[in-house]
Amino acid sequence: MNKPRKPSDIAKPSPCLCHIESGELSPLPPPYEDFNQVTIPTLNPDKVKGIETSLDDTVAIGIPKPASREEEEALVRQFLSGLRKLFEKENNWTFLQPLLLSMEHCAKCQTCSNACPVYEMSGRKEIYRPIFRAEVLRRIYRKYFKPGGKIIAKLTGDIDLNWTTIARLAELSYRCTLCRRCATVCPIGVDNGLITHEIRKLFSQEMGIAPKELHEKGSVQHLRVGSSTGMNPLAVKDSVEFIQEEMEEITGYKVEIPWDVEGADILLLHNAGEILSWPENVGAFAIIFQAAGISWTLSSEAAGYDAVNYGLWYDDVQFSRVAIKHADIARKLKVKKILIGECGHAHKALTVTADRLLTGDLNVPRESAMVTLEDIVLNGKLHFDPHRNNFPVTLHDPCNVVRSMGIVEPQRRILRKIAPGFREMTPHGVENYCCGGGSGFAIMSGYNFAEWRNLVSSRKKFLQILNAFQGEPQETPKYVCAPCSNCKGAIRDIINYYHAEERSRLYYGGLVELIVNAMADMKKPIIRFGEEPSWKS
Amino acid sequence: MGFYVLSYLCVAVFILATGYRVYRQITLPVHVRWEIYPVQHETGAKVAYGGSYLEELNWWEKKYESSLFNELKYMVPEILFIRGLWKENRSLWRVSFPFHFGLYLMIATFGLLLLHACFILWRFPAFAEGGAIRSLLDGLIVFAGWIGLILGNIGVLGVLYKRLTDPELRDYSSFADYFNIGFIFLFFLSAFVACLLGDPFLEGAKAYTIGLLTGGHFPNPYVPGQSVPGRVAIVSASLLTAYIPLTHMSHMYMKYFLYHDVKWDDAPNRRGGSLEAAILKNLDLKPTWKAKHVEADGRKSWRDIASSAPKEMK
Numbered sequence: 001m002n003k004p005r006k007p008s009d010i011a012k013p014s015p016c017l018c019h020i021e022s023g024e025l026s027p028l029p030p031p032y033e034d035f036n037q038v039t040i041p042t043l044n045p046d047k048v049k050g051i052e053t054s055l056d057d058t059v060a061i062g063i064p065k066p067a068s069r070e071e072e073e074a075l076v077r078q079f080l081s082g083l084r085k086l087f088e089k090e091n092n093w094t095f096l097q098p099l100l101l102s103m104e105h106c107a108k109c110q111t112c113s114n115a116c117p118v119y120e121m122s123g124r125k126e127i128y129r130p131i132f133r134a135e136v137l138r139r140i141y142r143k144y145f146k147p148g149g150k151i152i153a154k155l156t157g158d159i160d161l162n163w164t165t166i167a168r169l170a171e172l173s174y175r176c177t178l179c180r181r182c183a184t185v186c187p188i189g190v191d192n193g194l195i196t197h198e199i200r201k202l203f204s205q206e207m208g209i210a211p212k213e214l215h216e217k218g219s220v221q222h223l224r225v226g227s228s229t230g231m232n233p234l235a236v237k238d239s240v241e242f243i244q245e246e247m248e249e250i251t252g253y254k255v256e257i258p259w260d261v262e263g264a265d266i267l268l269l270h271n272a273g274e275i276l277s278w279p280e281n282v283g284a285f286a287i288i289f290q291a292a293g294i295s296w297t298l299s300s301e302a303a304g305y306d307a308v309n310y311g312l313w314y315d316d317v318q319f320s321r322v323a324i325k326h327a328d329i330a331r332k333l334k335v336k337k338i339l340i341g342e343c344g345h346a347h348k349a350l351t352v353t354a355d356r357l358l359t360g361d362l363n364v365p366r367e368s369a370m371v372t373l374e375d376i377v378l379n380g381k382l383h384f385d386p387h388r389n390n391f392p393v394t395l396h397d398p399c400n401v402v403r404s405m406g407i408v409e410p411q412r413r414i415l416r417k418i419a420p421g422f423r424e425m426t427p428h429g430v431e432n433y434c435c436g437g438g439s440g441f442a443i444m445s446g447y448n449f450a451e452w453r454n455l456v457s458s459r460k461k462f463l464q465i466l467n468a469f470q471g472e473p474q475e476t477p478k479y480v481c482a483p484c485s486n487c488k489g490a491i492r493d494i495i496n497y498y499h500a501e502e503r504s505r506l507y508y509g510g511l512v513e514l515i516v517n518a519m520a521d522m523k524k525p526i527i528r529f530g531e532e533p534s535w536k537s
Numbered sequence: 538m539g540f541y542v543l544s545y546l547c548v549a550v551f552i553l554a555t556g557y558r559v560y561r562q563i564t565l566p567v568h569v570r571w572e573i574y575p576v577q578h579e580t581g582a583k584v585a586y587g588g589s590y591l592e593e594l595n596w597w598e599k600k601y602e603s604s605l606f607n608e609l610k611y612m613v614p615e616i617l618f619i620r621g622l623w624k625e626n627r628s629l630w631r632v633s634f635p636f637h638f639g640l641y642l643m644i645a646t647f648g649l650l651l652l653h654a655c656f657i658l659w660r661f662p663a664f665a666e667g668g669a670i671r672s673l674l675d676g677l678i679v680f681a682g683w684i685g686l687i688l689g690n691i692g693v694l695g696v697l698y699k700r701l702t703d704p705e706l707r708d709y710s711s712f713a714d715y716f717n718i719g720f721i722f723l724f725f726l727s728a729f730v731a732c733l734l735g736d737p738f739l740e741g742a743k744a745y746t747i748g749l750l751t752g753g754h755f756p757n758p759y760v761p762g763q764s765v766p767g768r769v770a771i772v773s774a775s776l777l778t779a780y781i782p783l784t785h786m787s788h789m790y791m792k793y794f795l796y797h798d799v800k801w802d803d804a805p806n807r808r809g810g811s812l813e814a815a816i817l818k819n820l821d822l823k824p825t826w827k828a829k830h831v832e833a834d835g836r837k838s839w840r841d842i843a844s845s846a847p848k849e850m851k
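Line order of the protein sequences matches chains L and H. Each residue of the first sequence is one higher than the one before, counting from 1 in our numbering. Each residue of the second sequence is one higher than the one before, counting from 538 in our numbering.
Warning: the hint list may mix true and false statements.
[As the list claims (entries may be wrong)] Per label pair, the in silico range of CB-to-CB distance: (1) L:Ser22 <-> H:Arg627: 41 to 47 Å; (2) H:Leu701 <-> L:Lys146: 45 to 51 Å; (3) L:Val48 <-> H:Lys827: 50 to 56 Å; (4) L:Lys523 <-> H:Lys600: 16 to 22 Å; (5) H:Arg707 <-> L:Gly123: 58 to 64 Å; (6) L:Ser277 <-> H:Tyr560: 33 to 39 Å; (7) L:Pro147 <-> H:Ser604: 38 to 44 Å; (8) L:Phe87 <-> H:Tyr715: 24 to 30 Å; (9) L:Gly446 <-> H:Arg561: 22 to 28 Å.
I should point out that these hints are in silico values taken from the structure, not numbers from a laboratory. These numbers were taken from a predicted model, which means no experiment stands behind them. Even for Gly, the Cβ is constructed at its ideal location relative to N, Cα and C.
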């Protein structure tokens, strides 16, 4: 097995470029030491037959190996054609300037490496350095598209361009969560996370290569059926009706969830994953809005009940289609603003990134639910009994809400008011660590990718959570507040994987559940720790 | 005269290359927002914790504001002292700071030399021999020049040592990286030796700068090349001036675009505003991406494609 040291090693054929040995991952503290020797389970040879697996211990995309030399060469040509398009304004006006600047000014100082949780937790495996994949792309670009490139390549770092290089680069672009911590610390302002994003785009937009969970089952299904969960408008209405009944049963509060109200003040966009996996989140939003007398609505139009926009992570075209669809639904409903529920990437996609896409009456104002909720909670629109949340609470900062949008304090001001046991993780705010499920990882689980995520990319977050609750008795239930669906999914998975409910009594949920749990006029708690209610009615 | 011609040519290359770089940046299409917080021109308390105007209820009803003071409060220590590296990569800062500060002091020294030359050429009355202003300027030139040369030499050797001995840096370093360091070292060393051996008050530099402004026609001009180190210093400084904008070392000033046009570009798109006009132009561009789901044929615009659902999966 090769031990890669340099970006040029990516082109050298070997069955596996990088393998994590037992004991190489960053150690976990007691009572989780038994996981320190655990390795990523070997890929099932039958399942990966004919699939490109030569990067590391896992597979995110599952790219079929070319059947012939001719096919291989055609794929290399396609790759180069896509690479050229990344630098053309007709094809990539969306990111051309940021890409050019990051491609041309890296000083290779490695400051970014220390900021990357994947690199750190993997036991500092070379291929996971933020600069590794970026440098591969830089070298190929310089070699093939700069005047005198073949000669310059000899002076600035050469790299062989072959099928192995391309297939590994495609897979490698899905070993970074796009948390952009690396970009925050770069003294020059280079964004290696952005380069990863652009590599993903090249593969998707030119070669049709992307993880199924993001593309076929993700953005394509979203646009065709109405939701990446597969729910059509009828199914979503059924599910929400069920949530209404559930809420009354759980909390004793009767709630009506409005649909398609024309002229409402707010169109609330939930990640549809909430409806299926965390219905109490949808119910809690409804309780708060109803109790506070807010004029709001959900949309039952296809795509209008699912805030996700997976294109943000891999494909500008799919991204644009979904963003325009969302805005158009709000325009037709004549709402005053779109409110993004607890979904981090949807926050960034529609509020920030799509801001330079939506024009005229499609430019409907967009706001984060954190902001609206702060207004409701802090301005006396509801009455609270904070002691109902008398358990340790820590807050996970979704990268897309905090680092990408600067929405840092509203959620904290809420927690300080309603959760006396609130404490911060270290570091937090704009310096937070990703949950490990960012950029689509939380929903990707094909082959053994979920194990890689739990063991490598989510490991730092798990350590942070454990540290935040250090000193709390084991038997005390502890709540990780994660106001983002994908983050919740990743945190749910690490709690399950490491048996953290049994060993540390770790639980997780959103922000609205904590708000409703502390509302003075609730007859029963919405938050339960296993079978145990969080407060006695 | 040959030295002056070389210097003029190199300055011309610098101006053209820098001009091209800047021109290219300002003519690129408006891109989608990709800022990253903290955005240092944020106003009020928000800048301290990395907050943004998006934290405000109905933010679009308020005027977009940015604080130049907050931006400068961050940027000045960042540019002068490389604060980011101090915070995030202390061991590299120990060599990178003297290296960069040495270069800054060389630029500052050149600025002072130009000022000195202008005063002489304009026969500025307060700049008489032995006067306070002249003494002060002479002192500043010597101070900035010497400190710059000492720091620069220490820094460049430190950077070279670090690149050679730290595997993290070594494995990503190419011939070009070592060439760049060697080139800069050549300048710092030759200038240092030239001053040390025969010109501790930088009289040669002063005379050469006057010569630069007069095409070597000033009475009693300095004749370049009186010493080998002096000759090497003039040639290497001139060539470096031309070379820097052709390489990634242009980050010295291109950092402005990396920060202001990407990292901190949080300007909202308002209906009827100039940003909207630029976006409308972008939406008319016609992509040619080949994946089937994109459905680009070179005739459909971004607007057409983004308003349609894909028929193909791949």
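Checked hints:
no. : hint                              : in the structure
1   : L:Ser22 <-> H:Arg627: 41 to 47 Å  : violated (33 Å)
2   : H:Leu701 <-> L:Lys146: 45 to 51 Å : violated (27 Å)
3   : L:Val48 <-> H:Lys827: 50 to 56 Å  : violated (27 Å)
4   : L:Lys523 <-> H:Lys600: 16 to 22 Å : violated (45 Å)
5   : H:Arg707 <-> L:Gly123: 58 to 64 Å : violated (20 Å)
6   : L:Ser277 <-> H:Tyr560: 33 to 39 Å : violated (51 Å)
7   : L:Pro147 <-> H:Ser604: 38 to 44 Å : holds (42 Å)
8   : L:Phe87 <-> H:Tyr715: 24 to 30 Å  : holds (28 Å)
9   : L:Gly446 <-> H:Arg561: 22 to 28 Å : violated (41 Å)
The structure fails hints 1, 2, 3, 4, 5, 6, 9 (numbered hints given earlier, in ascending order).
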